[in-house]
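> For reference, the chains in residue letters:
2 protein chains.
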Amino acid sequence: MTAPRHVIRIEDPDDPRIAAFRSIRERDLTGRENRFIAEGTVVLRMLAAAHARGGDFAAEKLLLLENRVAGLAEELAAFPPDVPVYVASASVLDAIAGFHLHRGVLALGHRQTVASPADLIDRLPASALVVMAAGISNHDNIGSIFRNAAAFGADAVIMDATSCDPLYRKALRVSVGGVLKVPYARSGSIEENLSLLLQRGFEVWALSPAGRAEVRTIAAAPRMALITGTEGSGLPSAILDRFNTARIAQAPGLDSLNAATATGIALYEIARAQGRL
Amino acid sequence: MTAPRHVIRIEDPDDPRIAAFRSIRERDLTGRENRFIAEGTVVLRMLAAAHARGGDFAAEKLLLLENRVAGLAEELAAFPPDVPVYVASASVLDAIAGFHLHRGVLALGHRQTVASPADLIDRLPASALVVMAAGISNHDNIGSIFRNAAAFGADAVIMDATSCDPLYRKALRVSVGGVLKVPYARSGSIEENLSLLLQRGFEVWALSPAGRAEVRTIAAAPRMALITGTEGSGLPSAILDRFNTARIAQAPGLDSLNAATATGIALYEIARAQGRL
Numbered sequence: 001m002t003a004p005r006h007v008i009r010i011e012d013p014d015d016p017r018i019a020a021f022r023s024i025r026e027r028d029l030t031g032r033e034n035r036f037i038a039e040g041t042v043v044l045r046m047l048a049a050a051h052a053r054g055g056d057f058a059a060e061k062l063l064l065l066e067n068r069v070a071g072l073a074e075e076l077a078a079f080p081p082d083v084p085v086y087v088a089s090a091s092v093l094d095a096i097a098g099f100h101l102h103r104g105v106l107a108l109g110h111r112q113t114v115a116s117p118a119d120l121i122d123r124l125p126a127s128a129l130v131v132m133a134a135g136i137s138n139h140d141n142i143g144s145i146f147r148n149a150a151a152f153g154a155d156a157v158i159m160d161a162t163s164c165d166p167l168y169r170k171a172l173r174v175s176v177g178g179v180l181k182v183p184y185a186r187s188g189s190i191e192e193n194l195s196l197l198l199q200r201g202f203e204v205w206a207l208s209p210a211g212r213a214e215v216r217t218i219a220a221a222p223r224m225a226l227i228t229g230t231e232g233s234g235l236p237s238a239i240l241d242r243f244n245t246a247r248i249a250q251a252p253g254l255d256s257l258n259a260a261t262a263t264g265i266a267l268y269e270i271a272r273a274q275g276r277l
Numbered sequence: 001m002t003a004p005r006h007v008i009r010i011e012d013p014d015d016p017r018i019a020a021f022r023s024i025r026e027r028d029l030t031g032r033e034n035r036f037i038a039e040g041t042v043v044l045r046m047l048a049a050a051h052a053r054g055g056d057f058a059a060e061k062l063l064l065l066e067n068r069v070a071g072l073a074e075e076l077a078a079f080p081p082d083v084p085v086y087v088a089s090a091s092v093l094d095a096i097a098g099f100h101l102h103r104g105v106l107a108l109g110h111r112q113t114v115a116s117p118a119d120l121i122d123r124l125p126a127s128a129l130v131v132m133a134a135g136i137s138n139h140d141n142i143g144s145i146f147r148n149a150a151a152f153g154a155d156a157v158i159m160d161a162t163s164c165d166p167l168y169r170k171a172l173r174v175s176v177g178g179v180l181k182v183p184y185a186r187s188g189s190i191e192e193n194l195s196l197l198l199q200r201g202f203e204v205w206a207l208s209p210a211g212r213a214e215v216r217t218i219a220a221a222p223r224m225a226l227i228t229g230t231e232g233s234g235l236p237s238a239i240l241d242r243f244n245t246a247r248i249a250q251a252p253g254l255d256s257l258n259a260a261t262a263t264g265i266a267l268y269e270i271a272r273a274q275g276r277l
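Residue numbers (full-length UniProt numbering), protein chains in the order written: chain A, 1 to 277; chain B, 1 to 277.
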């Protein structure tokens, strides 16, 4: 039995203590200084775990619909006592958020440490699996890359500077908290990040419908990186010409797979080849 | 060189000839007597192919943004001359549809033949791969099942009556036209449809995070069926207890994969085992 968590009741949508949760839908489109909004029970749990690890992420405060508190006793107990838990009625909560919050579970967190791709790659173990996102500006796609990376135990996600921030509310939600689990870096160009991987002994495979090898035939190497591009235009031909390319076998004459599914299949196959699963 | 397609210009959003395209977002929620709206170039191409095959689907009319016509010459030529092509300006088109139509490509089609699960299964070849959707009411998930079924060459999708109509606008769009490609039936209960498959010699595998066999170890059989349930609650335990169950190996301690990705991986593995890819 855990003791009931102390909560602070918010009556006024303009209360400064919960200002960070105000109009989150609109502000999602702006930079937020490494702060982010986590939504839903599963992501809340992932944030508590990340906070407890004392690594890249810390929780600042929680804001919950009042009738969710009792059911979340276990999750709330996972946060240290100095992380305040605010609660509000449905009408106050909706007035704060600026839209109807169906699930009524919000947390504010921040990213404490921001690694460069080089720093992150230097910290990886001798046997490693990296996903490289190349120019992915769609929040759903970035989120699903992290969800798949977490599911198949990838060690890191490396993004170029043009890929979108995975801490955007929707990307974090689609990742089901994977963004808080898999270490990542986002800066530099695709070429610069690829050079870093090659210098550190990674075998780089680019995923493409026109790939030369079928993904299930890829031979395992201790350090492997999978590059994935946008669903429409795919990876630049300069990359496809220079690196190993892998395709996923499909029925003839059809549009390619959804980007998330294709990345999931490729990661599953590579992680299996490396003996990770 | 194909001759330019004859088009009919619409100036009045209330023109009765394009009444079927009016307020499509709201009407999507209602029954539409096997009529459906296809959106976008790829789905338009799939509709033309389905119409030309003369099978389950026929195109009735097209409605395009005027500046899209020139670029779609090849797609338009694929429709017979008795399928009228209406064009409108952006403002008239948006007034018809009831929201801003970014892509400006719409078609109205209808389903001509509605097979029962028994009829559909009876028509399948000796070697067959079937996907069974069990209680899937989410349009995205139904759409992605069809996209994956098409990508990996499944012969049919069987849905119980509680699964949602794959001809819903969003489901059809997410399927990227897969709904027009892979034969399907939607009626009966999960149990009834499973009995039909068993009677016709199918080996049935239920996909579940708690599955007993890893999906890559499934032995091929000439006739195989994969059952997939909802992402949250999964398949009923009565099914999991009674049939072969398959899981997708994942890193420990994590939330399960996205339903679309999980189905995609399982179909890829089974289709490969059957020698289809």
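Please keep in mind that the hints were generated in silico from the structure rather than gathered at the bench. Worth double-checking, as some hints may not be accurate.
[Unchecked claim] If you anchor each label on the Cβ, the simulated ranges turn out as follows:
#	chain 1	residue 1	chain 2	residue 2	range
1	B	SER23	A	ASP82	50 to 60 Å
2	A	ALA220	B	ALA210	51 to 61 Å
3	A	ALA77	B	THR230	23 to 33 Å
4	A	ALA213	B	ARG123	35 to 45 Å
[To be verified] Here are the simulated SDA-like pairs of lysine to any residue, each with C-alpha atoms no more than 20 Å apart in a straight line:
#	chain 1	residue 1	chain 2	residue 2
5	A	LYS170	B	GLU74
6	B	LYS170	A	ASP140
7	A	LYS170	A	PHE99
8	A	LYS170	B	LEU240
9	A	LYS170	B	ALA73
10	B	LYS170	A	GLY232
11	B	LYS170	A	ASN138
12	A	LYS170	A	ALA220
13	A	LYS170	B	GLU231
14	A	LYS170	A	PRO16
15	A	LYS170	A	GLY135
16	B	LYS170	B	GLY188
17	B	LYS170	B	GLU191
18	A	LYS61	A	GLY135
19	B	LYS170	A	HIS139
20	B	LYS170	A	ARG22
What you are looking at is a predicted structure, and each value in this text was computed from that prediction instead of being measured. Note that beta-carbon positions come from the ideal geometry of N, C-alpha and C, so glycine has one too.
> Now look at each hint and say whether the structure bears it out.
Evaluation of the provided hints:
1. SER23(B) - ASP82(A): 50 to 60 Å: At roughly 52 Å between Cβ atoms, ASP82(A) and SER23(B) fall inside 50 to 60 Å, so the hint holds.
2. ALA220(A) - ALA210(B): 51 to 61 Å: Because 28 Å falls outside the window, the suggested range is violated.
3. ALA77(A) - THR230(B): 23 to 33 Å: Given a distance of about 29 Å, which is inside 23 to 33 Å, the answer is holds.
4. ALA213(A) - ARG123(B): 35 to 45 Å: At roughly 36 Å between Cβ atoms, ARG123(B) and ALA213(A) fall inside 35 to 45 Å, so the hint holds.
5. LYS170(A) - GLU74(B): The hint is violated at about 37 Å.
6. LYS170(B) - ASP140(A): Since the Cα atoms of LYS170(B) and ASP140(A) sit roughly 16 Å apart, the hinted pair holds (cutoff 20 Å).
7. LYS170(A) - PHE99(A): 15 Å, holds
8. LYS170(A) - LEU240(B): Roughly 33 Å between the alpha carbons, so the hint for LYS170(A) and LEU240(B) is violated.
9. LYS170(A) - ALA73(B): Status violated; Cα separation ~37 Å.
10. LYS170(B) - GLY232(A): Roughly 19 Å between the alpha carbons, so the hint for LYS170(B) and GLY232(A) holds.
11. LYS170(B) - ASN138(A): 19 Å, holds
12. LYS170(A) - ALA220(A): 34 Å, violated
13. LYS170(A) - GLU231(B): Judged against 20 Å, a Cα distance of about 18 Å means the pair holds.
14. LYS170(A) - PRO16(A): 25 Å, violated
15. LYS170(A) - GLY135(A): 18 Å, holds
16. LYS170(B) - GLY188(B): 23 Å, violated
17. LYS170(B) - GLU191(B): 28 Å, violated
18. LYS61(A) - GLY135(A): 32 Å, violated
19. LYS170(B) - HIS139(A): 19 Å, holds
20. LYS170(B) - ARG22(A): 31 Å, violated
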